[in-house]
Amino acid sequence: MPLIETKDLVKKFDNFTAVKKINFHIQQGEIFGLLGPNGAGKTTTISMLSTLLKPSNGDAFISGHSVVEEPLLVRQIIGVVPQEIALYDDLTAEENLKFWGRMYRMSGKELTRQIEKVLEQIGLTDRKKDRVETYSGGMKRRLNIGVGLLHQPQLLFMDEPTVGIDPQSRRKILDTVIELNQQGLTVLYTTHYMEEAQELSHRVGIIDHGEMIAIGNQQELTEMVGEYDTMRLHIQAQEDGQQLAARLKEIPEIIEASTADHEIVIITPTAEDVLPTVINIANQLNIKIRSIDIQEPNLEAVFLHLTGRALRD
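In the working numbering, the protein residues as written are 570 to 882.
Derived from the structure by calculation, the hints contain no laboratory data. Some hints could be false.
Claimed, not checked - Label-pair distances were calculated between CB atoms; the ranges are:
no.	residue 1	residue 2	range
1	Lys857	Asp628	45 to 55 Å
2	Glu822	Leu641	49 to 59 Å
3	Ser705	Gln811	32 to 42 Å
4	Asp628	Asp695	40 to 50 Å
5	Leu642	Asp699	35 to 45 Å
6	Ser676	Ser635	24 to 34 Å
Backbone N, C-alpha and C define an ideal beta-carbon position, used for all residues, glycine too.
Between the sequences and the hints, there should be enough to build the whole structure, so can you do that?
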């Protein structure tokens, strides 16, 4: 039996449908990456699975327990690392963990042992007596993870835990997720960073506009786009990218062309063959290409192929 199974899960806010009949399952011991742009429905999905929001239709089952009918039983199984930091700045790391541990009805030696264990897992033992207000953004994110681990959940929901932090802190969080999974923890990890989903996930679900548009391991997903290459053009101005992408879509050998930040992402079966044409069109438009990167089929190609736009559009 899967640890998580959703059945036609729907969430509506007035006339807006944020999540549209999504179905997926997660097995015990998996890291399942829920990948999609901002506003795709990732946080709403996690909020329903963690019983913070009641589904408008459908249901989901965590270790066989319905999130609609048995929310209290579900909460005993799960840990949640929310996108927003849920800490008290004027308390130390140790005091924050003690406070949240008591919310889980933990106390005494059990709570003390778990606090020490969690501080070691998140690499904050040497800063446990410092107030959280003195912490960097990355340290706060790591302590946020620690809160979700205190009661030793079977399943951890992590909602974009690396947003807005420096690369070193991000690396530490990714390493922590991998280590926790190796210790047996099942993780549902939402992100809009393609490289995180590729590194962490045993399987990936791609969500867009509230719909689950693809699910599978990386090999299964990349096979959906065949032998297409991904070409990234790093350009100077975003407005130039939109103009260039529009022209590139007219080339028969280019499957998709879309802008993302200061990049143009191109999907093509023959990157090296179309490169001279791409450069020629950019020159015609007086658009300066700062660098070019060509990659073999990956999740970026899958997403662009399925949606017609780059992940950060």
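Verification of the hints:
no.: 1; hint: Lys857 to Asp628: 45 to 55 Å; in the structure: 53 Å, holds
no.: 2; hint: Glu822 to Leu641: 49 to 59 Å; in the structure: 57 Å, holds
no.: 3; hint: Ser705 to Gln811: 32 to 42 Å; in the structure: 36 Å, holds
no.: 4; hint: Asp628 to Asp695: 40 to 50 Å; in the structure: 45 Å, holds
no.: 5; hint: Leu642 to Asp699: 35 to 45 Å; in the structure: 37 Å, holds
no.: 6; hint: Ser676 to Ser635: 24 to 34 Å; in the structure: 30 Å, holds
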